[in-house]
Amino acid sequence: MTKANYRTKPSPPRRILLLKGHSAGIGDLLRSSAAWRALRQAWPSAELHLWFLSQAPGSAAEELIAQHPLLASFAASDKRTRGRRAWQALFRDARAIGERVRPDLVIDCEPNGLRTSLLTWYLRRRTGAFTVGIAQVPLRRWFYQKTAPSTPAFARQRGLPFPLEYTERDFAVLAALGIERHGTAIELRETSEGRAFRTQMAGEFGEAGQRPILGLNIGCGTPDAVPKRPSFDLLAALVVELQRCHGFALLLTGARYEQAVNREFLQRLQPIGPVLDLAGRTTMLELTGAIAACRLFISSDSGPYHMAVALRVPTLALFNTPNPQHYHRNAWTDCLVAPDARSLPAALAAAERLRLVTPPPVSP
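All letters in the sequence shown, in the order written, are residues 149 to 512 by my numbering.
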């Protein structure tokens, strides 16, 4: 298999193995789904397999990504340890994954680091797969058969801001294969567990379940995330006004460790419609159903924000400071810097626009 084969794509790969080594957050993993879709558009019959080198193996996000409809398989390895035994464990995983997947194309999505470079080279030796990576530094190109330019060069050639917006990052390596983003959005589908939970949730709302649902994810329940938490005064005023104008039932989401955050918010809120607090009550798989039930979803910069965007739910993301790398840019999403209650008019205007949007369905 030659380099020219994958530049002009006359001979489609059958099994593609993708290597990633970022954080285990659901947003970071879901951001890659736009690249998965672009690969499927280029090679519709190819299987996509993801090997993730994780800083937090066993995270809740893994269960959701393992069921992603664009992936034929998902595997995670622990990258936190150092030394000879850690490398031995990674190479054992590489052998096992190579034997199971039998890839004919291996793509290292990471622009930096030695782990994925060496593992990609090793997989080529074990499986004969064609390998692609990013020539972020001059010597890195020797680990791969074909390389893309560095991420700064990729951004410069396409007129993109740098540092790259997170969804664009995987397209840096795909440039070596002639695959461009062309506005492709991230995606996710409601799981069977999510559909079952949505039915259960409708029963808890009772007659109020006939109302349109406004989803709210305050999130930011860990100490390091507190600076990203939206203003309670802004959220309370926004929720009350949307309930007053449109009769929304309010649905709060959140992890178990965010139950106190939701309780504190509800103590400040004077709702004029029904409220259901789901903090700590849903798995990642069930949360897809809770979010999919919403007519409008408002969130901080957190995992459920990315899930809502991927599920094609009209989503208003509230940021306390500008953070373009975390923005999604599509018709059903608005990312607004709104640090306090003075931002209420802008937030209301964005919510009203989004409330009327009908997003396109996720492709089969």
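Accuracy of the hints is not assured; some may be wrong.
[Claimed, not checked] Quick list of in silico lysine to aspartate or glutamate cross-link-like pairs, EDC-like style, CA-CA up to 20 Å: (1) LYS227 - ASP176; (2) LYS376 - ASP488; (3) LYS294 - ASP252; (4) LYS376 - ASP176; (5) LYS227 - ASP241; (6) LYS294 - GLU328; (7) LYS227 - GLU211; (8) LYS227 - ASP252; (9) LYS376 - GLU328; (10) LYS376 - GLU313.
[Unchecked claim] Cβ-Cβ distance ranges computed for the label pairs, FRET-style: (11) ALA408 - GLY231: 53 to 61 Å; (12) PRO508 - PHE239: 18 to 26 Å; (13) ALA344 - ARG233: 39 to 47 Å; (14) ARG274 - GLY354: 27 to 35 Å; (15) GLN305 - ASP381: 23 to 31 Å.
Just so you know, these hints were derived from the structure itself, not from any lab.
In this text the structure is predicted, and so the values were computed from the model without any measurement.
Quick reminder that beta carbons are idealized off the backbone N, C-alpha and C, glycines included.
Tested hints:
Taking the CA atoms of LYS227 and ASP176, the gap is about 16 Å. The hint holds against a cut of 20 Å. Simply put, LYS376 and ASP488 have alpha-carbon atoms about 12 Å apart, close enough for the 20 Å limit, and the pair holds. Among the hinted pairs, LYS294 with ASP252 is consistent with the structure: their alpha-carbon atoms are about 14 Å apart, no more than 20 Å. About 17 Å separates the Cα atoms of LYS376 and ASP176, which keeps this hinted pair within 20 Å; it holds.
With a C-alpha separation of about 12 Å, the suggested pairing of LYS227 with ASP241 holds against the 20 Å cut-off. For the suggested pair LYS294 and GLU328, the alpha carbons sit about 16 Å apart, so the restraint of at most 20 Å is met. The suggested pairing of LYS227 with GLU211 holds, with an alpha-carbon distance near 18 Å, which does not exceed 20 Å. About 25 Å separates the Cα atoms of LYS227 and ASP252, which puts this hinted pair outside 20 Å; it is violated.
Between the alpha carbons of LYS376 and GLU328 the distance comes to roughly 32 Å, so the proposed pair goes past 20 Å and is violated. Distance hint between LYS376 and GLU313 is fulfilled; the C-alpha atoms sit about 18 Å from each other, no more than 20 Å. Taking the beta carbon of each, ALA408 and GLY231 are about 39 Å apart, not inside 53 to 61 Å as hinted. Distance hint check for PRO508 and PHE239: the Cβ-Cβ separation is about 43 Å, which falls outside the suggested range of 18 to 26 Å.
Under the hint 39 to 47 Å, the C-beta atoms of ALA344 and ARG233, about 42 Å apart, fit the expected range. In this structure, ARG274 and GLY354 break the distance hint of 27 to 35 Å, their C-beta atoms being roughly 58 Å apart. Distance hint for GLN305 and ASP381: a CB-CB separation of about 44 Å, inconsistent with the stated range 23 to 31 Å.
In summary, the structure is inconsistent with hints 8, 9, 11, 12, 14 and 15 from the numbered list given earlier, while agreeing with the others.
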